[in-house]
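Q: Relying on the hints, combine the two individually framed chains into one complex.
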Amino acid sequence: MSVLDVRGLCKEYVRGGVPFRAVDSANLRVEPGEMVGIVGRSGSGKTTFFNMVAGLLTPSAGSVSVAGTDILALSDAERSELRNRRIGYVPQGQSLLANLTVLDNVRLPHYFAARDDNVAGRVFYLLGELGIAHLAETCPPQLSGGEMRRAAIARAMMNRPELLLADEPTGDLDAGNARAAMDAFAALAASGVAVVFSAHGDDAARRADRVVEMERGAMRERTFSEA
Amino acid sequence: MKPLTTFQIAKNNLRRRPARSAGLCMAVAVSAFAMFGGALLSQGVGRGVESMSNRLGADILVVPHGYDKQFQAALLRGEPSTFYLKGDLVDKLRFFPGVERAAPQLFLATLNASCCTMPVQVIAYDPEADFVVKPWVSANAVPTPAGDEVVVGHMVGGETGTEISLFGRKFRIAARLDRTGMGFDTSVFMTMGSAKKLLRTAKNAAVKYEPGSVSSIMLAVAPGLNIKDVANAILREYAIDYDLEIVVSRSMISDIAKKLGGLSLLSRALAALSWICAAAALFIFFFLMLDERRREFGLFRILGAKRGKLAGIVLYESLLVSAAGGILGIAAALGLTAPFHRLITTALELPYLAIPAGSALVLGAGCLLSSVAVGPLSCLYSAIRIGSGDAYLTLRSGE
Ligand SMILES: Nc1ncnc2c1ncn2[C@@H]1O[C@H](COP(=O)(O)OP(=O)(O)OP(=O)(O)O)[C@@H](O)[C@H]1O
Ligand SMILES: [Mg+2]
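If you're matching them up, the sequences are chains A and B in order. Quick note: the first sequence, position 31, residue 31 per this note's numbering, numbers continuous. Quick note: the second sequence, position 150, residue 1150 per this note's numbering, numbers continuous.
It should be emphasised that the hints constitute simulated quantities derived from the structure, not laboratory data. Incorrect hints may have been included.
As the list claims (entries may be wrong) - Below, computed lysine to any residue pairings styled on SDA-like, alpha-carbon distance capped at 25 Å:
#	chain 1	residue 1	chain 2	residue 2
1	B	K1002	A	Q142
2	B	K1011	A	A98
3	B	K1002	A	S65
4	B	K1002	A	G121
5	B	K1228	B	Q1072
6	B	K1228	B	G1066
7	B	K1002	A	R85
8	B	K1002	A	L100
9	B	K1086	B	S1194
10	B	K1011	B	Q1043
11	B	K1002	A	H134
12	B	K1002	A	R122
13	B	K1259	B	A1073
14	B	K1002	A	T138
15	B	K1011	A	E137
16	B	K1002	B	G1308
17	B	K1011	A	Q94
18	B	K1228	B	A1357
19	B	K1002	A	A120
20	B	K1002	A	P140
Said to hold, decoys possible - Partial selection, computed: residues in chain A whose CB lies under 8 Å from chain B:
#	residue
21	S42
22	G43
23	S65
24	E81
25	Y89
26	S95
27	L97
28	L100
29	R107
30	P109
31	D116
32	A120
For every residue, glycine included, the Cβ atom is placed at its ideal position computed from N, Cα and C.
Excised from the complex, chain B in its bound form (with noise of 0.2 Å):
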């Protein structure tokens, strides 16, 4: 036979009102919900921002007039596009004053890669002149791929030295870059010449292709000038000609950063919320109970227990509910975090880039507590006012 126990008959309590303590578990579902979703999100996409800024060695990246936002979106998100410059920008801005160095790319939509359940970005570019895709590479060396060699994002599937198909061609996988947070995670990248060779073959009617064009430029400033100097010199220069945009990377950041700071703030305010409502609904349902309970308590009483115990039994219950909720909660939040982070940091144009999991256990751990705690601190002057007074009274007025 089972020794009764304060956790039993705090179970049994609970087991007896199973709408109301479903309902209280849940506020502290939500609230546990609310702070490690929100905290894992904003991390990441903290994370996905910090990498950003120190990996991307682009100062302006050139891309045709009214694209900047399909650019960002397939830099930041992978979301496969096609755009095109003149390909003989790329040589003038090499040389244009205040311009340090200038790698060209190419973006080549496909949506039917062997490799991935989601589309992928194919971008071509050109080794020798790249300073944007290298910094990715942690191994020091990235094999310059090629003819039939490519280098994939983290996300792209496939090991290394094995083989991937693209537009119906097989090409080699040199290298994998590191985690990005971005774009990159989902795009396959080539020389020019693979490339150019490849689209010359393609059957792929959706990639329509004028020779010799390029679709982004990304610059790199010369230490000491004004970035935005250079790139309005740029705009003055060919923005008619070659029909083009400039997007300045650091207040691109910068903008990412501001909603990143948004989203940070919002989440906190949630999960703030979230905790005062959870303790507010535990405050009220347990100080209503009080009444509902006091024959219960008054029998308890009589048959010797200490004021202390109940306010135990009460703690306890408080504690399983707030338990369970904060389980459950953390539980969703981690549930629905990974497989949705990239719909909710597309939605919101954010890099993200998931935190390491033992910082993500100690995030949890920390969330965890402080919804446990939730139950017994606002029950706690329920518990104390459970013993006051003549237990008989207590017992009397519940008849």
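Just chain A, same shape as in the assembly (with noise of 0.2 Å):
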């Protein structure tokens, strides 16, 4: 059974009076274990397209389903349980707790999933594994981009996802980070983990299995011979 299939997805918006899509009939379907690059122009729709793949954002058309539940089907509450459960999501840009340290936020995931049993084993176990344990007492503030996107990752993994949708993990890091950034994914896939992230350019595409290009809201699969 595919990790995520969406089908047929759309989401219109309206701008200066003119309705567009800012994504358009989306396919897309990822095993367990398969690493997935969506390759797009700033604009082309990945954002949207993660966020309503996430549950975050109600789509104009088409269907979402993530590990067989077909996740409109949800209620507000049971969305939130399964993106808290099966979801990991990396958002594009900064999207630490300023006033929480790094520790704390590797674990809100943990928190909203409202279980008391231990989880200092697995919070270090992923800040050793992104190289980022010694900030773990750590604000945000006073952490380098490179770190907080570590933070970020570490977080969306938490709670064991059996998706992880990663926007632009690494728009705005060094080759060094980026890599580093790529090689957790890269783990996370080989462990039977989905992993779909987005991304400018081909660079980081080259680690996917599997590329998909978004053009204007459309999406369309990169044949080997291209890449």
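A: Shown next, in the form of structure tokens:
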């Protein structure tokens, strides 16, 4: 069973009185352990797509199923729970909470899951994996962009998601940090998690098993000969 | 590792905006202070007035002309003062038609008693005729003080049986009055005889005394008679010869009760007003904060927080603010009314009897509760608003 199955997904906005589709009839299936890269220019609809997949934005048309569950059929509370347990989301840009330490940022998803098992081991394992264990007690304003991004990735992995969405995770990182982030995703995919990330250019996309191109809201699978 | 809790998150959020949090906290503190301080004060005065009207046996108070204010000050607040009436008036009034009993007092001011940091009023009285001091001693027998003995007011230091020094002479404390809430609390009572002896030997130049005179005479009117009529008759008869002035205690008490009514109305209005101000401040601040915190709440939603959780965090923040403010305000009210109630009631010319600790506790708990409630109540609307709308849009508009 696919971890992610998106069919005919559309998002229509009205701008200046003219309706247009930020996402236009997008289809995408991702299997466990697969790493899929979405490549597209700025404004092509990547973030809009991710937000609909994560159940944060209501589509104009189409369906999204995550691990066999049609997320549009869920109530808001159920959708929140699914997002919390099954989806890890690394948002575009800086997404840490400035007034919480790295440690607390990373365990926020666990707090929202309202489980009281001890997660100290998992938190430090993740921080170690991403090479930021020494920053556990630091607050985000004192971190570099790469460190913040790694903390956001650790946070997305916190609740052992089946699907990891990363919106331009390497966008503002230097080559070294970008590689470290992609290494983390590759390791995650190797452990069976379905990883979908977006990027502007082809550099990062090279690490993907499959690349999907996005242009003015439409998605097109890139064939091997093109790559 | 301590688990992450709503408390911690709320606390961190408040800490990130220290000036605003402190401001909101202060608004609640002011409201709690007004509520609790006002209630303590007006209830204390209420008790003072009640006990005074219950136990002040005199219907008519006779004082030298022009001294009614000073007498009230001495009676209500124990402000030491001296003033005199010719002594033969006592017997004349004792046998005046309609007067049942007459009890003279002689006020001797002293500032250098060994007992007290505050000025003490020495009042000489006639234990035989007395019906003014007696009601304040709950132990049924007031021992008639012997020549070297005194009865002391509640707040005068020294155990019963020990000695206290007045005008350079030592007296034994024979008994102690109950708390009166009036000037009696800081007064020392002795017999006319010992007062006169004291005055003869006193080296205190401040005491000017005309032999045989008294300061005031308290009268009890025979039951069934109109007090005002008796008072007027006395005035007609003796006002000119003795240059006296009359205070009808019932109208004095009703004046005081009127002031009390004003005081408690004022304190209630202030408490209500400051509560509303605190609620409005919290409402506005939390409402404005919504916009500013869209991004933060959007991120929480991305991580899987349910709408209720966001509302919970906001409610918790407001609860922390109002609880801290409430505790602060109540502590301040307690800390200020205790030492300053004297100052305040003196300024207002009101008797004051502190309410019992138990009642104060209940009152404090009630005030705390309504202060704590102001936070969550006023940000309820904002809390509900937070979770509404698409989470993504929520995040985007804050970017
Ligand atoms: N709330 C909105 N209302 C109207 N138009 C919107 C809204 N959100 C996004 N758009 C438009 O939809 C299009 C797609 O936006 P989106 O953010 O998905 O692009 P993107 O591919 O993520 O771009 P970038 O690489 O710069 O992040 C853009 O043209 C954007 O202006
Ligand atoms: Mg984007």
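Q: Would you settle whether the hint for A/P109 is holds or violated, based on the nearest Cβ-Cβ distance to chain B being less than 8 Å?
A: With a minimum Cβ separation of about 5 Å from chain B (threshold 8 Å), the hint on A/P109 holds.
Q: Interface hint check: A/S95, Cβ to nearest Cβ on chain B, cutoff 8 Å. Holds or violated?
A: 6 Å, holds
Q: Are the Cα atoms of B/K1011 and A/Q94 separated by 25 Å or less?
A: With Cα atoms ~23 Å apart, B/K1011 and A/Q94 stay inside 25 Å; holds.
Q: Is the interface hint satisfied for A/A120? The criterion is a beta-carbon contact with chain B at less than 8 Å.
A: 4 Å, holds
Q: Take the shortest C-beta to C-beta distance between A/S65 and chain B; is it under 8 Å?
A: 18 Å, violated
Q: Does B/K1228 pair with B/A1357 here, judged by a C-alpha cut-off of 25 Å?
A: 40 Å, violated
Q: B/K1002 and A/G121: Cα distance at most 25 Å?
A: 13 Å, holds
Q: Does A/Q142 lie within 25 Å of B/K1002 when you go C-alpha to C-alpha?
A: Status holds; Cα separation ~23 Å.
Q: Take the shortest C-beta to C-beta distance between A/Y89 and chain B; is it under 8 Å?
A: Holds - the Cβ of A/Y89 comes within 8 Å of chain B, reaching about 5 Å at its closest.
Q: Return the status of the interface hint for A/L100: holds when the least beta-carbon distance to chain B is below 8 Å, violated otherwise.
A: 6 Å, holds
Q: For the hint on A/L97, just tell me whether its beta-carbon gets within less than 8 Å of chain B.
A: 6 Å, holds
Q: Decide if the proposed pair is consistent with the structure: B/K1011 and A/A98, CA atoms, cutoff 25 Å inclusive.
A: Holds, at about 14 Å.
In this structure, the hints that do not hold are numbers 3, 10, 18, 21, 22, 23, in rising order.
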